[in-house]
Structures are given as C-alpha cells and as structure tokens.
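Work out the full structure: start from the sequences and follow the hints.
From first to last, the protein sequence lines are chains A and B. The letter at position 1 of the first sequence is residue 1 when you use my numbering, and the numbering goes up by one with no holes. The letter at position 73 of the second sequence is residue 73 when you use my numbering, and the numbering goes up by one with no holes.
Hints in this document: simulated from the structure, not taken from any laboratory. Every residue, glycine too, gets a C-beta built ideally from N, C-alpha and C. Nothing false has been slipped in among the hints.
Per the computed footprint, the stretches of chain B lying under chain A, defined by three or more beta-carbons under 8 angstroms from a beta-carbon of chain A, are:
(1) 18–25
(2) 36–50
(3) 56–66
Straight line, CA to CA, 16 angstroms or less: simulated EDC-like cross-link-like pairs of lysine to aspartate or glutamate:
(4) B:K37 x B:D15
(5) B:K40 x A:E17
(6) B:K6 x A:E4
(7) B:K23 x A:E45
(8) A:K40 x B:D15
(9) B:K22 x A:E45
(10) B:K40 x A:E4
(11) A:K37 x A:E11
(12) A:K72 x A:E54
(13) B:K40 x A:E8
(14) A:K40 x B:E4
(15) B:K37 x A:E4
(16) B:K40 x A:D69
(17) A:K23 x B:E45
(18) A:K22 x B:E50
(19) A:K6 x B:E4
(20) B:K22 x A:E54
(21) A:K40 x B:E17
(22) A:K22 x B:E4
(23) B:K22 x A:E50
(24) A:K22 x B:E54
(25) B:K72 x B:E45
(26) B:K72 x B:E4
(27) B:K37 x A:E45
(28) B:K22 x A:D47
(29) A:K37 x B:E4
(30) A:K6 x B:E8
(31) A:K40 x B:E8
(32) A:K22 x B:D47
(33) A:K40 x B:D69
Listed next, with one range per pair, are the computed distances between beta-carbon atoms:
(34) B:E4 x A:I70: 14 to 20 angstroms
(35) A:E49 x B:L59: 37 to 43 angstroms
(36) B:T57 x A:E49: 38 to 44 angstroms
(37) A:V64 x B:N62: 30 to 36 angstroms
(38) B:E17 x A:I70: 17 to 23 angstroms
Protein chains: 2
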Amino acid sequence: MKAEIKVELKEGVFDPEGENIKKALHLLGFSGVQNVKLAKVYTIEMDKEENVQEMCTKLLTNPVIHMYDIRKG
Amino acid sequence: MKAEIKVELKEGVFDPEGENIKKALHLLGFSGVQNVKLAKVYTIEMDKEENVQEMCTKLLTNPVIHMYDIRKG
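Spelled out as structure tokens, the structure:
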C-alpha cells in the first residue's frame, strides 16, 4: 500500500525558501520568474492499512500554516 | 506560464529525513509504515519562456544525488 501526501503552505503564508530561490534565479539571469512556491511530498509505503489522515494531523503538517492533499494508490 | 519541478533522491541515496519520519510514525503507533520518502516540488510562475532545465542544473538540483521531473502547464 502506498500513500502520497503533498504538503504546501496556505495561501498568504510567507514562504522564505521560495522567496530566496526566486532571488537566486533572478541573479542567475532568469528574469521572467515571478513567483516560486515550495511543497513537500511524502511517499509512505505501508504493509497494512493505516490512517494517513491521522499521520498528517499528528506529525506531518501544522494546521495553522499548511494545507495537504492525500493520494492513495 | 507555470512549471512544476519534482526533485527526489536517487534510488539508493540515504534519506535521513524520511528515515526519521518513519521512526516517529512507528513511535506514534503506525506500525505498518515500511518506508518514507521525501520529495520537493517547486512551482515556478514565469511571465516569459525560461529554460527550466537550466534552472534545475544550475540551482535546484544536485546531479550526484537528485533526479527530477519537469511538468509544464
């Protein structure tokens, strides 16, 4: 069993890492870059059914700043 | 214009962050978790055509340990 969890910052939450990457890309000459956003994807392999939703709320995400999306397959 | 770049560790490269998350999930009682892998997704918004491949090789990835996948849309 496999689950993919994509965690990203909520709209409006400042993304310092993305901001720094944008600046670095500008310095490298990629002047067309307007915005850079980062997300993390956790791929979890399981040998039995687990509550992935609960993993998110207990460990992987912070409800104040993150939104997430679970894909099972 | 938008590009999504998914950067992950190559097969066989040790993923300490994933390993720690696996241990933490076990401690929380999710005993079925066998493996956790992490990937980063950069979403880049551009107002003109840029060489996204070059962004990857120059800044976003390390060819020794990373593999990446570019999706434009």
